[in-house]
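Participant: Chain residues, written in single-letter form:
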Amino acid sequence: MSDLEPAGAAAPSTAEAPAKLRLATVWLAGCSGCHMSFLDLDEFLFDLAERAEVVFSPVASDLKTFPENVDLCLVEGAVANVDNLELALTLRQRSRMVVSFGDCAVTANVPGLRNLLTGPEAVLERGYMELADRGAQLPHAPGIVPELLEKVLPLHEVIPVDLYLPGCPPSAERIRAAIEPLLHGQPPLLEGAAMLRFG
Amino acid sequence: MPVLQPETPSRQLRCCGASGCRSAGGEALLAALRTARDADAGAAAGLTIKPVGCLRLCGRGPLVACDGPEGTRLYGAVPPEHAADLLAAAREDGPDAGVARAALEPHRLDLDEPFFRLQRPVVLETCGQVDPESIDDAFAHGAYDQLRRVLAELTPKQVRDEVRRSGLRGRGGAGYPTGLKWDTVALQPPGPRTVVCNADEGDPGAFMDRSVLESDPHRLIEGMAIAAYAVGADHGYVYVRAEYPLAIERLRLALQQARRKGVLGRGIFDSEFSLAIEVRVGAGAYVCGEETALLLSIQGQRGMPRPRPPYPAQSGLWGAPTLINNVETFSAVPAILREGGDWYAAMGTEGSRGTKVFALSGAVRHTGLVEVPMGMPLRTVVEEMGGGVPDGSAVKAVQTGGPSGGCIPAEQLDTPVDYESLLSLGSMMGSGGMVVMGETTSMPVVARHFMRFSVNESCGKCVPCRAGTVQLAELLDRFVEHRAETADLERLEELCGMVRATSLCGLGQAAPNPVLSTLRWFRHEYEAALREPSHCEPPDSCTVGADGETRGYAP
Amino acid sequence: MSVVTLRVNGQEVAVPAGASLLEAARAAGVELPTLCHLEGLTPVGACRLCLVASETGGRLLPACATEAAEGMAIRTDTEELQRYRRMTVELFFAEGNHVCAFCVANGDCELQDVAVAVGMDHSRFPYRYPHRHVDASHPLFALDHHRCILCTRCVRVCDEIEGAHVWDVAQRGSECTIIAGLDEPWGAVEACTSCGKCVDVCPTGALFRKEDTTAEKHPHAERPEQLRRAREQQQWRNQ
Amino acid sequence: MSVTTASAAAASLAQVVRRHGARSDALIEVLHQVQEIHGYLPPEALREVATLMRLPLSRVYGVASFYHLFRLEPPTDHRCAVCLGTACFVRGAAQLAQRLETRLGVDLDDAAGNGTWALQHVSCLGACGQAPVVVVDGVLLTKLPVDRREELESQLDAAGIPRPPTV
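Protein chains in written order, with my numbering: chain Y, 66 to 264; chain D, 2 to 556; chain V, 81 to 319; chain F, 94 to 260.
Keep in mind that a hint or two might mislead.
As the list claims (entries may be wrong) - Distance windows between CB atoms, simulated:
1. F:Arg147 with D:Arg260: 27 to 33 Å
2. V:Phe182 with Y:Asp127: 31 to 37 Å
3. F:Gly132 with V:Ala216: 40 to 46 Å
4. V:Gly276 with Y:His249: 49 to 55 Å
5. Y:Glu190 with V:Glu291: 31 to 37 Å
6. F:Leu145 with V:Gln314: 54 to 60 Å
7. D:Glu28 with V:Glu160: 53 to 59 Å
8. V:Ser82 with D:Arg267: 37 to 43 Å
9. Y:Met194 with V:Glu291: 32 to 38 Å
10. F:Asp230 with D:Gly352: 44 to 50 Å
11. D:Pro193 with V:Ser82: 23 to 29 Å
12. V:Glu291 with Y:Ala125: 27 to 33 Å
Read the hints as simulated data drawn from the structure, not as lab findings. Please read all numbers here as calculations on a predicted model, not as lab measurements. Glycine included, C-beta positions come from ideal geometry on N, C-alpha and C.
I would like the entire structure built from these sequences, with the hints used as guidance.
Facilitator: Right, dumping it as structure tokens:
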């Protein structure tokens, strides 16, 4: 963890400015609240921009394909459908450090509540048929609407995760306290209610 | 005295009427014998047909022992059609005796077989000899002689000294020194005390205590009465599991007879000693074999164990000092007092004195009950006495100690059977169930079998047992279904260690043992169950199983 | 009053005879995590969080339910105990449906607190999503079984302090559940006095007042001890 | 249940409790006997037991539901119990249980079963010498040939266990 140096810095150091850390943020099955909290970092975002280049993010990048050689990837949301799964597997392969970012990624949280129903059929039935006011119809568009997985899973049950940042959402202070040391190649201290508390 | 052979053989047919033989048609055979005798009153005169308890080789039931001056012949798997032959064979020199014996020859069991020859009956000395429903027959076999003598001649302390000298240890599983336990109860501050017999024999594959209860309940009652005298109790309970209806029936009958004969009640044998014993029937909860849970169940509550100390010896039923021993422990007491503690201590090993009853079952040729001196090599019990696996293939493992025990691999079979040796192999003595497993048995499947048992029987009070066993069973599912990863193996071991160290009672503490012991001796089977390390190339090559199973990413 | 002396993490402490190891630890300034234990109620030693190790070895001891004895020496925070405690909390989270985000007790929940205390940042055990239900039949209170950790504080406070014994535990093992009456809707159980003590002592958001919504529950875990003391010492007697 | 049998049952219930002197420690014994009267433990009977024994309702229900031999639902007309004790397990009881589930169209340990039949497991019947064993409506079937399908099926036929309706 402590050896988290920007990918570009692997080469012998030169007089140039240090290469920026390649940062990605990913939004799986979640409400985007963690990303909103991320944006609440306010002026720290400027410091962040100095040290890091956002190479993939729903809030700061237009890229549709997850890039190679990512140094740090924050993942919001649980893994609920095949698209989530595919992206999770990809980002793991292409990122040196993966952070479970917020309660949905860490515990499956609210998206996971559908696990109380047995399987995707029951979920769709409940959502699109039983609760429909009119025009009840099951969505079916192969290749367009991603298939639901049998169960919603927290990120670490799908890919290895290096760091957990719980919270619903994690406060901007908590995010900063976790990211800031990482930008300097240091492991953050994730202890105590300020850093760990769920909810 | 050799097993099953009466000292003074009169001409009789002894029919096993214990559960094992009943399940094999013993009642029909007994009825057929009686009908045949009645139909042939003259010829069968002088011949007793006697229902007795367990004749040991349960797997060949129904069993009949045919006694005469020329010795005892044992027949097994006898269909009722052979009733007349049995009668003829039992008669002295009747004209048909030879023919009948020839007809019965295929059913003849050799009492010189190691299964019988190597037994050393102490607890079971009258089992199969005495009619369990007749106190007079029990008297004739010496029942209550020791109680009478003890009350007349010995102080409670002398009784406890004798038991301590015998080196007897609790036969329920943990092996706590019996004499020490008795002393602890006896030396509590003055006040009422209770004795409790734990007959909640719940380990699957264990039926020793049931056999004692069904075969000679008076021996247990005598043992309990002696114990009650030794610790100063005037009240006792026998807690029997409801799954043993015949044992309950016979025990209740025996208690009734004992009361009527003045063996229980006020001023027993003209002494100052009084004792009342009640039967309490369980209702299907394995955890009630744990002593604190058992006490709550006797008090009409949920059988949920509580932390010890205080131990029941200090604070048990209704807060009074309570002595709890199991059936086999109490039943060893009359013989110990008759022959002396030193006699008993001369059998067995340094740390484990005396004899132990085992229920031998599973993939073994001779299924049934054996009583052997402690320290006998496991191999002797399983291969010589048990005759090995029926199809002649090799023994793979022997499971002892039930859901709290472990699987001992074939290469360790030369280990002597005693408390410490079995513990050192990662198993335990337990109550005496011994289940033999052949080559076809998969160890992760066995481990899951026991874990599911523990899940089902956990009382739910403490978290490690209530939730930990569920997680362990799920982890084991992954191995059985070949979808486990290396990390699962670590998690399995770590969680086993945690559940063992932190559970509140013995059930939870021992629940991981079947996993840990199979991991220790058959680790390769777990490793072989790991799924191929996947080298997923997203997106397509890493398939999502139908069950949404998506683990397995290896970076 | 006689006193026993013992060592907690190497530090000598003296406590009144009959005190628990938990009290001894507190006397030494050591806070142990607890969930089932509550001052004023009979200890049950069920949550296993307060387990401590004796320096002489042997089984771990539940500090809440073990009497301090003269000359004892215990350790409260060995590396092993820390690992066990974290796993214990993970098991709690995994066996119920604990979703802090919209829980009435969010921010004032003892389960959340112990998770922080043991450093649990995620559960290594898969969540089980048991099928449970919510009983909102009582006019004032509700019981959300999804959030119940079976600490039995409600059962004990209702039995030992209120004397109504509305609650008990039914079933066994992972099927265990808190029940009112004959497993009836709480509101239908006549024995309930609506005193609210069960709600006061519930460590999570399982029992709550209906008027409270997300993060609005504030329990009063000190009440059983207060009531018991007042009753035993007749503190509130008139005259 | 008709009015007369209901009042007769209530009267005998009161008798059962009286026989034990209403001692609270006799609760399990009393429940055994109530189950003998009704075949299970109906809620009205539990309420009556609580009243007569002066016990909290939740205590009575807590005890009744703790012990697996107590039934809180009316039993199905036919019942089958498969022993999953270790000796039976080693001799194929798990496959046997699966076979019975398929055959009866029920889930193991679902008390409701298929309405007519229910299949439960027992942890050990102590008939280890005759393993594997099954109890069908109180009758013990022993040494069932798990490996020989045809023979097994015909023994189950003979015991009265229906085959699944052929589609």
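Participant: For every hint, state whether the structure bears it out.
Facilitator: Comparing the hints with the structure gives:
no. : hint                               : verdict
1   : F:Arg147 with D:Arg260: 27 to 33 Å : holds, 30 Å
2   : V:Phe182 with Y:Asp127: 31 to 37 Å : holds, 33 Å
3   : F:Gly132 with V:Ala216: 40 to 46 Å : violated, 34 Å
4   : V:Gly276 with Y:His249: 49 to 55 Å : holds, 51 Å
5   : Y:Glu190 with V:Glu291: 31 to 37 Å : holds, 34 Å
6   : F:Leu145 with V:Gln314: 54 to 60 Å : violated, 35 Å
7   : D:Glu28 with V:Glu160: 53 to 59 Å  : holds, 56 Å
8   : V:Ser82 with D:Arg267: 37 to 43 Å  : holds, 42 Å
9   : Y:Met194 with V:Glu291: 32 to 38 Å : holds, 34 Å
10  : F:Asp230 with D:Gly352: 44 to 50 Å : holds, 49 Å
11  : D:Pro193 with V:Ser82: 23 to 29 Å  : holds, 27 Å
12  : V:Glu291 with Y:Ala125: 27 to 33 Å : violated, 42 Å
Checked against the numbered hints above, the structure violates hints 3, 6, 12; every other hint is satisfied.
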